[in-house]
Amino acid sequence: MEADSAETGLTLWQQMQFDVVLLDFCLPEMSGFEFFQLLASQTVNNRPCVIMLTGHGDEVLAVQAMKLGVQDYLVKNNLKSDVLQLAVRNAIKQSHLQAQLNKTLERQRLIATTALRIRKSLDLKQILSTAVAEVQQLLRCSVAVYQFAPDFSVDNITNLIAASRESTISHAELFGSCYQVDTQNNHHHWQCRGAISNIYAAGMKHPYDLVQKNGKTQANLVIPINLSHDSKLWGLLVAHHHEEERLWQPDEVEILSEVSVQLAIAIQQAELLAQTQASLIKEKQLNNFKSQFITTVSHEYRTPLASVLAAASTLHKHGDKLDILKQQRFLEMIEQKARHLSKLVDDMLLVNQIELDKTKFKPAPLDLMHFFSDLMEQQRLVVTDAHELIFKVTGNAHLFWGDKGLLRQIFTNLVSNAIKYSPDGGNIEFHLIDKETEIIFHVKDEGIGIPPRELDNLFQSFSRASNVDTIPGTGIGLFIAKACVELHEGSITLDSHVEQGTVVTVCLPKRRN
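In my numbering, the protein residues as written are 308 to 820.
Among the clues, some could well be false.
What the hints assert, rightly or not - BS3-like cross-link-like pairs, simulated, lysine-lysine; straight-line CA separation at most 27 Å:
no., residue 1, residue 2
1, K432, K591
2, K711, K751
3, K669, K711
4, K742, K669
5, K633, K644
6, K597, K539
7, K699, K644
8, K633, K699
9, K650, K628
10, K374, K387
11, K669, K644
12, K400, K383
13, K699, K727
14, K427, K400
15, K665, K711
16, K387, K410
17, K589, K644
18, K589, K699
19, K699, K591
20, K633, K597
21, K624, K597
22, K751, K699
23, K427, K597
24, K711, K699
25, K751, K665
No wet-lab data here; the hints were simulated from the structure.
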């Protein structure tokens, strides 16, 4: 194309796209420099590729032209075609290289800015929301972040944890872009197909989508999010386009890949902070436990020890003056208090193991009906006449797979609590029920009951109801029982009213997950 005036040349430049412009320095309306500056002002991203022609070789003009951004400067006198061809070829090549450089610099700037915004927060939810918003703005498409489930099961492989409002990608479409390669020794390996311009042309159509509001996804760009510290595949960063197929450009793939790296770093930092905070909370809880432990032990030991010391002192000083019955009574009291103190130590040690998550589950086949019946008979040997222990069974509760020691802890703590907090006596009922998939038992008393607002708090260690008055206790019985129930993957609940008694219900599954 050729223009005989600056105005015509500007019009052509605006209407068409040119690889190179041969610009004469001497134009009718303006100089070549002025025309070049007009071209440059109308070019948004890259400078125009211009070779300036002049009738005279002037070094000053040549230097000035190069400073303005002209690619080359040629003298028209004796200009040969091969020289012009070489100059044009070099100018176009240089222009393309400059455009690529500008594109790379701009991409690096965008990635750096995006990384800075993503890593500005240490809150995981905020990090992911920022990443989605930034990528959506960069690529002009919908964005979602998926986190893989811990077990990598196909039915629950991903958890959508952040997405732009227009995000409509389905699990079927996602798996079309990212699929499992091999599974060995519980290690899951995944490959991403990366960019797919038309998922339906690729044979990935599926009858269900997660969200159907804006239609189906047409093109996916899927990038894995790998945590570098343990090479863990954390999740996927997914860009998807709706209305039409989209040919993902290499620089778009590069941008999303770089963002996934920065996102992985931010996720690691957020997880590390969460772990640190959890450790601090755990440490604080342990310190509180130690303090409460010392307070409880000192309080609970003082009275029994005083009784033991008094009885021992009496026997030492006046034993020869006491008849056999009184001596036997003192010895039985010492033995009883010693057993009480021994059980208190065992309970405290068990609580400590529970707090440190060191309690082990050792299941074995049990005949529950005989097991609980024997425990009830042991309780009858030590309970007073004011209490009547009732043992009921519904169904055939014989074979059960459970931990004998933990089940004994559950029974002993619940039944002893029922006896202790029924100071006026009454019935203590243990009802064992056999169901198809679970074992249920109720421990019911007619004691002082529990204020309703305090029911949930009583499962915490060293927690007691406000109406226990002078009834001795450590506040760890229900805590131990709940921990033992949870190790069986069961549940425990309280139903109580003040002065109307309490019912504790335990449900234990016959098969643990």
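The hints, checked one at a time:
no., hint, result
1, K432 with K591, "holds, 26 Å"
2, K711 with K751, "holds, 22 Å"
3, K669 with K711, "holds, 8 Å"
4, K742 with K669, "holds, 23 Å"
5, K633 with K644, "holds, 17 Å"
6, K597 with K539, "violated, 37 Å"
7, K699 with K644, "violated, 31 Å"
8, K633 with K699, "violated, 39 Å"
9, K650 with K628, "violated, 33 Å"
10, K374 with K387, "holds, 25 Å"
11, K669 with K644, "violated, 31 Å"
12, K400 with K383, "holds, 22 Å"
13, K699 with K727, "holds, 21 Å"
14, K427 with K400, "violated, 40 Å"
15, K665 with K711, "holds, 17 Å"
16, K387 with K410, "violated, 34 Å"
17, K589 with K644, "violated, 34 Å"
18, K589 with K699, "violated, 41 Å"
19, K699 with K591, "violated, 43 Å"
20, K633 with K597, "violated, 40 Å"
21, K624 with K597, "violated, 39 Å"
22, K751 with K699, "holds, 11 Å"
23, K427 with K597, "violated, 38 Å"
24, K711 with K699, "holds, 20 Å"
25, K751 with K665, "violated, 31 Å"
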